[in-house]
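2 protein chains.
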Amino acid sequence: MPNPVLVEAVRGALTESRHRGAVAVVDAAGTSVLALGDVERPVYPRSAVKALQALVLMESGAADRFGFTDEELAIACASHAGEPGHITTVTRMLRRAGLAADALECGPHWPLHQPSALALARSGATAAPIHNNCSGKHAGFLCSACAMGATHQGYGAPSHPVQRAVQATLENLTGCRLDEDRRAVDNCSVPTWAIPLNDLALAFARFGTGKGLPAPRAKAALRLRAACAAAPWHVGGTGRFCTEVMRRLGARVFAKSGAEGVLCGALPEQGLGLAIKCDDGAGRAGQVMMAAVVARLLPLDAEERDFLARFVRPTLHDWNGAAVGELKPTELLSGA
Amino acid sequence: MPNPVLVEAVRGALTESRHRGAVAVVDAAGTSVLALGDVERPVYPRSAVKALQALVLMESGAADRFGFTDEELAIACASHAGEPGHITTVTRMLRRAGLAADALECGPHWPLHQPSALALARSGATAAPIHNNCSGKHAGFLCSACAMGATHQGYGAPSHPVQRAVQATLENLTGCRLDEDRRAVDNCSVPTWAIPLNDLALAFARFGTGKGLPAPRAKAALRLRAACAAAPWHVGGTGRFCTEVMRRLGARVFAKSGAEGVLCGALPEQGLGLAIKCDDGAGRAGQVMMAAVVARLLPLDAEERDFLARFVRPTLHDWNGAAVGELKPTELLSGA
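As given, the protein sequences belong to chains A and B, one line each in that order. 447 is the number that the working numbering gives to position 53 of the first sequence; each next residue is one higher, with no gaps. 408 is the number that the working numbering gives to position 14 of the second sequence; each next residue is one higher, with no gaps.
No false leads were mixed into what you were given.
Residues of chain A placed beyond 12 Å of chain B at every Cβ, according to the derived structure:
#, residue
1, 606
2, 612
3, 690
Covered stretches of chain B, as calculated for chain A (at least 3 residues, CB under 8 Å):
#, stretch
4, 400 to 411
5, 503 to 515
6, 714 to 724
Derived by calculation from the structure, the hints in this document are not laboratory data. Virtual Cβ for every residue (Gly too), placed ideally from N, Cα, C.
Extracted from the complex, chain A is given alone in its bound form (with noise of 0.2 Å):
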């Protein structure tokens, strides 16, 4: 059976394109809180789980030991847009390390925040690995194999010291066991494991809440989720989805975005973790969905709301800034 249809698409008087996906929502006793679709289909999770592979950063010490600020753990959970403040960011933590941007394995790829990239070329210069959206996490793997006494090159690899500890991570937190046959290669060069949303969702529960992990992972996630809240912009960027969410309702919601379609997230003060897949990979129906699960779930004051919809239901304009369409939830997203 299909996933149901979560996202439209409209123009005119008509619906243009149409978003599947599926949606789990669970406590962190991994009852169901929600589940839209097929929540045991295993997906990659690819950015959205950055967060919950921070923790080899705060568990490795190297947190501690290089004092990282909140923009710092901020940035190692980031999807970052390649502004100006989140290389200097990357920089800053890699030089903590004892290290160069040139030890960054992400591969480059131009700023995604487009004025950025503009001025960069406007300067002269050229995309580089420290421009790539995940360098704050690869930052993060980088000042992680420092911690451990490892060596640095090849911090992607599957058989590294640090891609095991987010492997035993990983399983501890979603209760999954991650074998070889469910791994591929992200973008950046480093593993993603296929996993269920409904043990991503416990994940995000468990990371929101601290409920069910080790005293130390709990605080490690407590830590990380208060950096994320306090320095959320380097969690994204200029006006992007999960610092824009983050930035206005503060703790009450984790929100991170993944290539594909993936979002997760948690509401800790409601005891829950979010896990969304959106089947075709677009994002900015991964992003209704999961502004609508916010909007359903978390209790709102009506400026929070008027807030919140402009995610949940986006005006599209036109080349000339008028309004031609919009994205909406459907009924069965939105719960109306």
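Let chain A serve as the given structure and place chain B on it in line with the hints.
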């Protein structure tokens, strides 16, 4: 009943994302040769019908009066990438009609061709309407208005003589009545009318063969197809799907992409018209659908088949250039 899955994105051992859609292939008599999914559902064709919109440029007398070359006719049918050569051609087109770039009402965006966007930024310039991928079509509208003796201001309004002529032309080719409730605004601020895929495919069977069209319209269609086959770079740009396919396969294929996963085309030697919609609006999957349909229906030699395989089954790379996955047609689509 949902449309079938036609394209899968594979990473590692698993399918990561799935694209549903519909495909219509008909001959000029309207006989269906291939129908996958719901081919009766109205779809906004967006830029996929630019060549049909350009018939007005021919029939208004503008093309002859201003002595348009293949390149100029091709760019009137284009979603160009904003490369310097594209800008030169649009500028020349406008100049022939005594107009300047400030007459364009399509709104600005940065060139789709990233190196051109970066070079533009390096030069200290900024994005203007002429860089909009639709500026060639808009130059065509402007020249048509001039040839018709109509004011060129507001040429994108549904009531303007140019858009009325476009509407009548589309009604003739598709056999559909395009009432106001089917009309929406395209991202370049001109009308787009929702039309069932089967009727779009019929329009392109007629465009590709001239059959069923008044003689001047058939002649205009032939001239536009010849122009696109002779100057395919002007229909898209460096490395782009429609350009590459028409460059390699020449006049045997006409192919044109539109926003939100729509593609239309023709196989003139087979007498067939094609119309494709990816349900979720993904261009990456719409391209695979078109490439797979061309591979299925057009006789190809081994080298041509190898060439087309790059688009039927494109490899996905990480930022270090390593292969990490692929897009592939399902058996239903490939007919395997």
